[in-house]
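2 protein chains.
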Amino acid sequence: MIFPPAMNTLIDILRKLPGVGPKSAQRMALQLIQHDRTGAKQIAQAIDQALERIGSCEICRGLAEQTQCDICQSQSRDATVLCIVESAADMAVVEQVSIFKGRYFVLRGKLSPIDGIGPEELGIPLLVKRLEDENITELILATNTTVEGEATAHYLSELAKSQGVKTTRIAHGVPMGGELEFVDSSTLSQAFSGRRDY
Amino acid sequence: MIFPPAMNTLIDILRKLPGVGPKSAQRMALQLIQHDRTGAKQIAQAIDQALERIGSCEICRGLAEQTQCDICQSQSRDATVLCIVESAADMAVVEQVSIFKGRYFVLRGKLSPIDGIGPEELGIPLLVKRLEDENITELILATNTTVEGEATAHYLSELAKSQGVKTTRIAHGVPMGGELEFVDSSTLSQAFSGRRDY
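Chains A and B, in that order, give the protein sequences. Under my numbering, the first sequence has 120 at position 120, and the numbering climbs by one with no breaks. Under my numbering, the second sequence has 1061 at position 61, and the numbering climbs by one with no breaks.
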């Protein structure tokens, strides 16, 4: 009654966006329909275009507009090192730092039997095939430090061992610029057990 | 380079939404394209439908799917009292409380000469016509208490006076459940100057 039906539908559906509650959804809908109809049109078009164009890279399972992504197609990347990440967003974060010059494999999730997510869902058969076919010598495990992320890392290290490939795990410890006083205890214990010669 | 072009376009364009910065836009885009393609399609469709269906009510300038909104068409609303609000969102807020049974006029802004917003842009000629044609006896000014909102209220009260229509302003004071200690000084001074017999 308060808003026309199409407006209520739009408000409801905008709540599908992560971090958007009823108030923000209403604010967004009003902004789009009352004040920025051009912008609204652009958003609808950009979503349609992205849905149409963006698929999955057949090599690394990252986002790609062709069958393969730019990184997998690039000749200048080190083909012997493979970094395993949970999501395309994690891949983007690593790329932004530009410290890593190898290639990627995107799990698009983490092992979680309770949600029915097993090796199949994470594309492990594809990964095994890469380990067999390509000349990969190191697997860098960059999954998150959640329980599932650690379990996934453990699973992958066992898998790599069976293929005779070395695995490494990115370092966990006190963030740069971070103060000991404000670091949680599990990070601090990681920092101590992972200490290096100085 | 990090994301495919269509993804970058989507991320940029999602930043047009109010309250969405670069990080949230990226999170939204990844969520839509990687994990919720059905939801993404629904959002694009809902935006298109809302743009197509929702226009402005020819009587009150609120949102409407027909030429007139439900409230203006309703026979059960008191046609002698008109509540003036700045936006359709404000109208929705008043409706949600259901204390007001009259009709509305939506300014879709507030007087702001510096932004080139004068009486024309706020639909004042339409309001004047309503005051002349309809049997309106009271104009409730519910514009915001910003400088522009107050200036708009003052302008409207002068206008109504020239048409012989009574104007009232919604009360401003300490919010219900609010504690004096935490009320700002201008609200408190409003609360004192607007005190009523008890």
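Simulated from the structure, these hints should not be mistaken for lab results. Keep in mind that a hint or two might mislead.
Below, in silico cross-link-like pairs of lysine-lysine (BS3-like), each with a Cα-Cα straight-line distance of 27 Å or less [claimed, not checked]:
| no. | chain 1 | residue 1 | chain 2 | residue 2 |
| --- | --- | --- | --- | --- |
| 1 | B | K1161 | A | K23 |
| 2 | B | K1016 | A | K41 |
| 3 | A | K23 | B | K1166 |
| 4 | B | K1161 | B | K1129 |
| 5 | B | K1016 | A | K16 |
| 6 | A | K23 | B | K1129 |
Just a sample of chain A residues kept apart from chain B, beta carbon distances all over 12 Å, derived [as the list claims (entries may be wrong)]:
| no. | residue |
| --- | --- |
| 7 | A44 |
| 8 | A46 |
| 9 | R53 |
| 10 | C57 |
| 11 | S185 |
| 12 | S186 |
| 13 | S189 |
| 14 | Q190 |
Short derived list, chain B residues pointing at chain A, Cβ under 8 Å [to be verified]:
| no. | residue |
| --- | --- |
| 15 | K1041 |
| 16 | Q1042 |
| 17 | A1044 |
| 18 | A1089 |
| 19 | A1092 |
| 20 | S1112 |
| 21 | P1113 |
| 22 | T1168 |
Just so you know, even glycine gets a beta-carbon here, dropped at the ideal spot from N, CA and C.
Comparing the hints with the structure gives:
Taking the CA atoms of B:K1161 and A:K23, the gap is near 37 Å; set against the 27 Å cutoff, the hint is violated. With a C-alpha separation of about 11 Å, the suggested pairing of B:K1016 with A:K41 holds against the 27 Å cut-off. With a CA separation close to 34 Å, the supplied pair A:K23 and B:K1166 exceeds the 27 Å bound. Our distance criterion of 27 Å between C-alpha atoms is met by B:K1161 and B:K1129, whose separation comes to about 15 Å.
Only pairs whose Cα atoms come within 27 Å are accepted, and B:K1016 paired with A:K16 is accepted, the gap being roughly 17 Å. About 34 Å separates the Cα atoms of A:K23 and B:K1129, which puts this hinted pair outside 27 Å; it is violated. At roughly 4 Å, the least C-beta separation between A:A44 and chain B is not larger than 12 Å, which violates its mark as non-interface. At roughly 4 Å, the least C-beta separation between A:A46 and chain B is not larger than 12 Å, which violates its mark as non-interface.
For A:R53, the condition that its CB be more than 12 Å from all CB atoms of chain B is violated, with the nearest at approximately 4 Å. A beta-carbon of chain B comes within 12 Å of the beta-carbon of A:C57; the shortest separation is about 9 Å. With a cut of 12 Å on Cβ distances, A:S185 stays outside the contact zone with chain B, its closest approach being about 28 Å. The non-interface label for A:S186 is consistent with chain B: the shortest C-beta to C-beta separation is roughly 25 Å, beyond 12 Å.
The claim that A:S189 lies off the interface holds: its Cβ sits roughly 29 Å from the closest Cβ of chain B, which is beyond the 12 Å cut-off. Every C-beta of chain B lies more than 12 Å from that of A:Q190, the closest at about 25 Å, which supports listing it as non-interface. The beta carbon of B:K1041 comes within 6 Å of a beta carbon in chain A, closer than 8 Å, and the hint placing it at the interface holds. The beta carbon of B:Q1042 is positioned within 8 Å of a beta carbon in chain A (closest approach about 5 Å), and the interface hint is therefore held.
Hint on B:A1044 holds. Least Cβ distance to chain A is approximately 4 Å, under the 8 Å limit. With a cut of 8 Å, the hint placing B:A1089 at the interface with chain A holds, because the nearest CB-to-CB distance is about 5 Å. For the restraint placing B:A1092 at the interface with chain A, the shortest Cβ-Cβ distance is roughly 5 Å, inside the 8 Å limit, so the hint holds. Because the smallest distance between the Cβ of B:S1112 and any Cβ of chain A comes to about 14 Å, over 8 Å, the interface hint for this residue is violated.
For B:P1113, the interface hint is violated, the least distance from its beta-carbon to any beta-carbon of chain A being 19 Å, above 8 Å. Taken as an interface hint, B:T1168 does not check out: its beta carbon lies about 23 Å from the nearest beta carbon of chain A, beyond 8 Å.
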